[in-house]
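Since the structure of chain A is provided, determine the placement of chain B on it from the hints.
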Amino acid sequence: MTAVITEMIYAVAGTVAFSILFSVPRRYYLSCGLIGGAGWLVYSLSGRILPPEGAALSATVIVILLSRIAAVIGRCPATIFMIPGIFPLIPGAGIYWTSYYIVTEQLDLALHTGYEAVKTAVAIVLGILFVFEVPGRFFKVFEREGRK
Amino acid sequence: MSEAENIKENEVMETALLAGHILLENGAEISRVEETFDRICSHYGVNSGNAFVLSNGIFTTVGDDREKYYAKVQHIPVSAARFNRVAAVNQLSREMETGKYTVSELREALERIKKMPGKKRRTQIAASAVGSAAFCLLFGGSLWDAAAAFVSGLVLYVYILYVSGPHLSKIVGNIGGGALVTFLCGLFYMSGLGSRIDYMIIGSVMPMIPGVAFTNGIMDIASCDYISGAVRLLDAMLVFFGIAIGMGMAFTLLSAFGGGILL
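From first to last, the protein sequence lines are chains A and B. Take any residue in the first sequence, note its place counting from 1, add 971, and you have its number in this note's numbering. Take any residue in the second sequence, note its place counting from 1, add 1, and you have its number in this note's numbering.
Okay, chain A solo, but in the shape it has when bound (with noise of 0.2 Å):
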């Protein structure tokens, strides 16, 4: 459990940093590092029992439920945390397999790595479309608490 937290930690840690390279506004930084930290906290949670893309799908509909939350009470778009909050879930170690393997020449494997990561950001494409299936209706509850 302390892996887990140490690792939510660092994901918080490097959302935030790239929350400030996409220049998001200072009060928002906060925000940001938490749905990242919380993306990763439910990839590495629900990996233990699904594969990879379905607890990267599961990571994604927390994020982007979260950034829409936020979005609400903020009053500023989503993006402004969706985007960042992703980050942790980018399949990076895919893309760098892929490419080691097509070097040395060994295709199957490199086949093999590059499906994973086509599947893992497909699911991060579903999770997208599916939360923002949701009507905007169902987040003006968040509203009125964040009513100044």
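These are computed hints drawn from the structure, not numbers from a lab. Just to be clear, a hint being listed does not mean it is correct.
Below, in silico cross-link-like pairs of lysine to any residue (SDA-like), each with a Cα-Cα straight-line distance of 20 Å or less [unchecked claim]: (1) B:K101 to A:R1046; (2) A:K1090 to B:L239; (3) B:K121 to A:R997.
Simulated coverage check for chain A against chain B, where a stretch passes if three residues somewhere in it have a Cβ under 8 Å from a Cβ of chain B [claimed, not checked]: (4) 979 to 987; (5) 993 to 1000; (6) 1025 to 1032; (7) 1039 to 1051; (8) 1062 to 1076.
Virtual Cβ for every residue (Gly too), placed ideally from N, Cα, C.
Relative to chain A, chain B alone:
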């Protein structure tokens, strides 16, 4: 129709177009650009405003049998996302709905947003270094691996800001970036800093990953803006391929000169 009204319609359209320009240039989705344009036009009583938005241009017209015709096309090259400007335009259009601004005041406010500073280059380079190190640790690297990723993430962003951004085309720039990172991490690995070259490289290419193009592409396709969505996804794919090709080239070089240590 009096002359004053004509000028007003023109001004409203120009203002709405400016808002759309800022949004599109700084990483907003197509639907948000169109929505903001329509909202500004109808708030100031121009009912015939129409905008057709692509990922790198806006085509607008105003005019029908009651309002005079105007048209304007604006080309907007793809550039780095600056979400502080997107958030500011979004905030401004909410405030506009409460009737706080005249057209010219809105336009002045938009001009100010357009000049809003991004992060300093120093800050961006530091953020890239810290982000690379954090993602290296996240994917399983040790502290030494993270130190190597920190340095190569830092060098990578110096390269992006001073070499590839101003001087190179996007494809060549990304191949160069992927190669640079792989080469640096290979050198660190061979000199004994860090034990897992894969975690170092994966962490330090993260600042190049096209998260904005990828996510916005999906969102555009979700809202049926297929042309812009396809263009943005193609953009993201080219970046991914560029990075992978750069990595492959550096691997080959390293194994040729490094005596096959890596491969």
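Okay, the hints, checked on the actual structure:
no. : hint              : in the structure
1   : B:K101 to A:R1046 : 18 Å, holds
2   : A:K1090 to B:L239 : 18 Å, holds
3   : B:K121 to A:R997  : 14 Å, holds
4   : 979 to 987        : holds (count 4)
5   : 993 to 1000       : holds (count 5)
6   : 1025 to 1032      : violated (count 0)
7   : 1039 to 1051      : holds (count 5)
8   : 1062 to 1076      : holds (count 11)
Comparing the model with each numbered hint stated earlier shows that hint 6 is the single one that does not hold.
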